[in-house]
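Asks: Sequence lines, in order, name chains A and B.
Per this note's numbering, residue 800 is the first one in the first sequence, and the count goes up by one each step.
Per this note's numbering, residue 800 is the first one in the second sequence, and the count goes up by one each step.
FYI, nobody ran anything at the bench for these hints, they're computed from the structure.
Since this is a predicted model, take the numbers as computed values, not measurements.
Wrong hints could be hidden among the right ones.
Any copy will do: because identical chains look the same in the list, a pair fits if it lies in one copy or spans two.
[To be verified] Lysine-lysine pairs mimicking DSSO-like chemistry, simulated, CA-CA at most 30 Å apart: (1) Lys825 to Lys836; (2) Lys903 to Lys1016; (3) Lys884 to Lys825; (4) Lys836 to Lys903; (5) Lys903 to Lys884; (6) Lys903 to Lys825; (7) Lys836 to Lys1016; (8) Lys1016 to Lys884; (9) Lys1016 to Lys825.
Number of protein chains: 2
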Amino acid sequence: MSARVGWEPVRRVRTHEQVLAQIEQKIFDGTLRAGEKLPSERELVMMLGVSRTSVREALRALEAMGIIESRTGSGQSSGSVVTDKSTPALTNLLRLHIALANIKLADLVETRVQLERSAASAAAAARTEDDLRRLSSLVESMRAADSDYPEFNELDTEFHLTIARVSGNALAADLMQVLRGAVEREMAEAFAGFDDWRAVANSLVDEHEAILHAIGKGDGQAAAELAAAHIVRFYQDRIANS
Amino acid sequence: MSARVGWEPVRRVRTHEQVLAQIEQKIFDGTLRAGEKLPSERELVMMLGVSRTSVREALRALEAMGIIESRTGSGQSSGSVVTDKSTPALTNLLRLHIALANIKLADLVETRVQLERSAASAAAAARTEDDLRRLSSLVESMRAADSDYPEFNELDTEFHLTIARVSGNALAADLMQVLRGAVEREMAEAFAGFDDWRAVANSLVDEHEAILHAIGKGDGQAAAELAAAHIVRFYQDRIANS
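Next comes chain A alone, as it looks inside the complex (with noise of 0.2 Å):
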């Protein structure tokens, strides 16, 4: 019976795959770093001794996955350039996986309340002078009457990654901006349908106002129940009954 036993199926790795699996190891080792231009097609068919249809299949899907940018043009300025700017095909690629596994809007929102409960609470700790000066005039900003719904969510975003990058953690950072990046159009959906979408906003700044004053202060425990308080409300009051 025993060799009958421990056998699993054979899956066929096909060609562009192993051309993938190659680039993504250099990533993983360093040997290639984000800046760096990648060899050409034509350079990649004769290293690899594959065809140009398993080369350029690669490398289609490592840009859809937000890794590497391909240059249009011809000569020294064309080609293949890695990219650090993977959080856009994260934020898609997270989308994709929450409508596929059917995961709540709920489970998202508690997600964030986490994430941003322990960024608000580092952030009272690490500030400088500095930090709350740009997160007040991140505030002022959004209080500006003037400012129509992308402006004021894109200030809103980027109020909350301040907090993030302040508390030190780059990657919480970035997985907040998934996070918020996943439900962006349920947001913009929301505020459409506000009567005075410029009211709802204006309460959002108080609560902005009120975290920015608790990190100011050195508060951890404040900034944090204000932090999870101001997601919890909006969701609360705005998204779950809508």
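With chain A's structure known, arrange chain B on it following the hints.
Replies: Chain B only, in chain A's frame:
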């Protein structure tokens, strides 16, 4: 002057990107669900009026993102199927992102701590007798002296993911898996470097048992503190200085 402001450079949207965008849109709006079959390459070529190359490039990108699986074979059983198994692809993309954006391991550990803390606390409130039995049996299996490291790591992962699932937040469980997966190689290397990995494993199992005990008592605060300390201790003692 006004005719000279407000212009933006046109970015050429390539054909395969438009194919990709149409498929993604059908996932976002719920027309395409996990488990459903995509039209065949030939059908997509006809319906979208594009080349077979463009269709194939879009499908390869979706495969690399873990959104579709291609089935080999011919006739009814061939073609691509939409999956809900995008967690490994998310893990891979996050690993690439971490490598390219130079994100510190400490930031990743800190983010895991935040998620694990919240999951343990919520699990202590939500756990059923069944949940406790499942967690307890995982602890027993980890305690078994004859497991090797890969098996131990699988049980360890399952213990943490079960807590996240018991907490009721599906996204937190997925993110935890993604963050864990992103450092799996570092963990395996750390274990390989221990003189006596089983001794390290035993102390981890003791910590798991203490977390389980707190969850069993419904003591969310203690469960959160123990879960956080469990991760921070492993990292500080065994990875940060290695």
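Asks: Taking the hints in turn, state whether each one holds.
Replies: Going down the list of hints, with the structure as the test:
For the identical chains of this complex, Lys825 and Lys836 are intra-copy neighbours only, at 12 Å inside a copy versus 34 Å across copies, given an alpha-carbon limit of 30 Å. Taking the shortest alpha-carbon separations for Lys903 and Lys1016, only the inter-copy value of 28 Å comes in at or below 30 Å, while the best intra-copy value is 36 Å. Within a single copy, Lys884 and Lys825 get their C-alpha atoms as close as 17 Å, and across copies as close as 25 Å, so both meet the 30 Å cut-off. For a Cα distance limit of 30 Å, the shortest separation of Lys836 from Lys903 across copies, 24 Å, qualifies, whereas the shortest one inside one copy, 40 Å, does not.
In the homo-oligomer, the alpha carbons of Lys903 and Lys884 lie at most 30 Å apart both inside one protomer (27 Å) and across protomers (17 Å), since each shortest distance falls under that limit. In this assembly of identical chains, the alpha carbons of Lys903 and Lys825 lie at most 30 Å apart only when taken from different copies (18 Å versus 36 Å within one copy). Taking the shortest alpha-carbon separations for Lys836 and Lys1016, neither the intra-copy value of 46 Å nor the inter-copy value of 56 Å comes in at or below 30 Å. Taking CA atoms no more than 30 Å apart as the test, Lys1016 paired with Lys884 passes in neither setting, with 34 Å inside one copy and 45 Å between copies.
In this homomeric assembly, Lys1016 and Lys825 never come within 30 Å of each other (Cα to Cα): the closest approach is 46 Å inside a single copy and 48 Å across copies.
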